[in-house]
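Enquirer: Residue numbers (the numbering used here), protein chains in the order written: chain A, 160 to 577; chain B, 160 to 577.
Derived from the structure by calculation, the hints contain no laboratory data. Careful: at least some of the hints might be erroneous.
Any copy will do: because identical chains look the same in the list, a pair fits if it lies in one copy or spans two.
Derived lysine-lysine pairs resembling DSS-like cross-links, with alpha carbons at most 27 Å apart [unchecked claim]:
{"no.": "1", "residue 1": "Lys565", "residue 2": "Lys248"}
{"no.": "2", "residue 1": "Lys182", "residue 2": "Lys540"}
{"no.": "3", "residue 1": "Lys506", "residue 2": "Lys447"}
{"no.": "4", "residue 1": "Lys447", "residue 2": "Lys540"}
{"no.": "5", "residue 1": "Lys447", "residue 2": "Lys423"}
{"no.": "6", "residue 1": "Lys486", "residue 2": "Lys217"}
{"no.": "7", "residue 1": "Lys204", "residue 2": "Lys569"}
{"no.": "8", "residue 1": "Lys486", "residue 2": "Lys195"}
2 protein chains.
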Amino acid sequence: MDAHKQLTLGLFGFGVVGEGLYKALRLTPSLNATIKKICIKNPSKQRNAPDALFTTEKDELLYDSDINVIVEVIDDSEAAFEIVSIALKNGKAVVSASKKMIAEHLSELLELQQTTGESFLYEAAACASIPVIRNLEEYYDNDLLHSIKAIVNGSTNFILTKMFEESLDFKQALILAQQLGFAESNPSLDVEGFDAVNKWTFLLTHAYGIIDNPNNIVFTGIQNIQSSDAAVAKEKHYHIKLVAQAQKLSNGKVAAFVLPQFIKHEDHLAFVRNEYNGVVIESGFADKQFFYGKGAGSFPTASAVLSDISALRYGYHYEYKKLYHHKPNELTHDFYVKAYVSFDDLKYVPRESFEWIEEWHAVEDRKYLIGVIHFNELLTKSWWRENRVSLILAPEPVIEDVELRKLKKKSLELAGVI
Amino acid sequence: MDAHKQLTLGLFGFGVVGEGLYKALRLTPSLNATIKKICIKNPSKQRNAPDALFTTEKDELLYDSDINVIVEVIDDSEAAFEIVSIALKNGKAVVSASKKMIAEHLSELLELQQTTGESFLYEAAACASIPVIRNLEEYYDNDLLHSIKAIVNGSTNFILTKMFEESLDFKQALILAQQLGFAESNPSLDVEGFDAVNKWTFLLTHAYGIIDNPNNIVFTGIQNIQSSDAAVAKEKHYHIKLVAQAQKLSNGKVAAFVLPQFIKHEDHLAFVRNEYNGVVIESGFADKQFFYGKGAGSFPTASAVLSDISALRYGYHYEYKKLYHHKPNELTHDFYVKAYVSFDDLKYVPRESFEWIEEWHAVEDRKYLIGVIHFNELLTKSWWRENRVSLILAPEPVIEDVELRKLKKKSLELAGVI
């Protein structure tokens, strides 16, 4: 696409994001981009745009040679993938906000970009208004990225904030989130961590060149977190956040997961409250960088789509530098984590899953322990996901092999076993 | 420069940043960049690098056709400008960290880039490890940028934090900053705001396409701030920060300055403590974005230089989109600010400089008032810079013309004048 070319857009979807984008485009004439046609599913709905713009025939957009950019902000991930595939094959650049589709079809989308040479941009799919993909891609483009730790889901963060700051229980907080529009009426995609792990799947590609299936990344949501867990966190001067984390180990492999985590007050992520998102990037020499902003909502998402559209005017495309120009890093499950586990009854928590246990609290109704687990246990076992158990990682949870042996020896000595 | 080309560097300066860069480059072989020669002033100093690398002859670097990138991290801004000019004219890309040089020679540097077509990158010159220039240039590249508000000087922020949190007076805090290496032995460049306004000069170019002389931007530092000012701030639940701010007014012109400012606890900039830097970008639709990280020091600065070097492998250059591809915004002094002014004696504060005065506190030793001033007063008068007076802007200080008339009328009515 020529630099500063006039962009003619075909838009799929006119929900909150689609309509937000339509309004935003009208307010930014400098972008030199106009929507020619909008494809929708239900033609009978009343919409705040001229009738002539709408169609239910996707081919009217996908095979219109005037349209050089397809913007896709629909909910159905399989339909979205079909649209994106055809558009790229037809020589159109594509901007998408469909995290689920991108996570599930990552390899195919990479191949489509390589074979067609067309731009496929999706900054809006992760952390909305925070330019996290662009910065991982362009600024942290070398092999110095030590770790990235993020709050990528606003709904769960809102619920946790309310549980924590206003002592609501999970259900009350969820209802409040739904009332305020921060959670869907069917909230399980957010609450159980699916949304977060989808985003994490392709952020790992931009951060480390990792291409993996979301199923291979250990994750859960916040569905099992109890008020009593929040109380323990407060006692220990911690917050609880649903944290997506990736960390390069000393062997060069990457530990990555999306799990609830205790966060110290002074941690940058403690600053991220309510429906906001935040990303902490630790790179060699640069210390920690913190990016913060709105992670969802009509206009924040539309603004990310706008920035992608704007970048298309200059022919921008992701180079996936960590994947194609460096030796990509490999995902590993061979490390340990320190975790807090609460439960009604010890029978739900297999003692043998733990390398060792540091703390026991068996007096209260809701009991808990703090111990060290090999991460493979979390990948292969499911006791820790059951609704009678809640697992929350300790701050700085990752423990490497060598380190572990030292700690274990010390702990056994202390216990008088040796 | 071809994509992924081998980079051969000529480095000017081997102080803390230069040496940090030398070490960092050895730890990132993937960058495919090697230092061929390092130009220094004093050959007799002991240095942690092979003798054969060093020279005192700048032409050995500037006229070596093997060297395709000049990295310049020296202190002397006139010498730096000469180096950069010759390097660009000789067909070399240049990476620089010299904020003073860039601020003072901005127009010439823009022209040199246009005539030579060579890349001139300087991410390290503002906020070190925070990629602020790159994000303003690439991500906030449209005309939706409402405001940018930043803490761009770590030394002054460290001093203010200590005055505020540990109730040190200015001198004690400065000495502590010097002991810890966060302030120079001659601290006036930092303390009196010169460093901050230099950075602000070219950040305004990337944010709004403004090219102006640092002298035309109203600024001061923190040299006049008293412990009593910190006490008033605390009483009002404010912090005091040296804030660089730029804000688009409703007439499309931009209000910009670097001045001490009261900051509310919930403001993102209140999170920025000690030697850190932070940037809050407010753009249409995206709400507020917050970027935070280390703004100075050997490795954070070296990491920004590294990212620039890395970008050169892909032929990256700044496009100055706001300047060349949009209608550039214009700097204005035609607006009002609400300010707190403290003083020993009222005779140092001309009553007629104020549109009106909202608060008077004349009981204490150190008196203060809060009032509204036309910004041109600050540009043309100097009473507010004198060392018997300290001026600190109110939170959300900028008041536009129309708004003012309404407020003024209301205030006069309240005073019973009308």
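Enquirer: Each hint: holds or not?
Expert: These are the hints, each one checked on the structure:
1. Lys565 to Lys248: neither (55 Å within a copy, 58 Å between copies)
2. Lys182 to Lys540: Intra 48 Å, inter 44 Å, cutoff 27 Å: neither.
3. Lys506 to Lys447: neither (41 Å within a copy, 48 Å between copies)
4. Lys447 to Lys540: neither (34 Å within a copy, 41 Å between copies)
5. Lys447 to Lys423: both (15 Å within a copy, 24 Å between copies)
6. Lys486 to Lys217: neither (40 Å within a copy, 37 Å between copies)
7. Lys204 to Lys569: neither (67 Å within a copy, 47 Å between copies)
8. Lys486 to Lys195: Answer is between: at 26 Å across copies they meet the 27 Å cutoff, but 42 Å inside does not.
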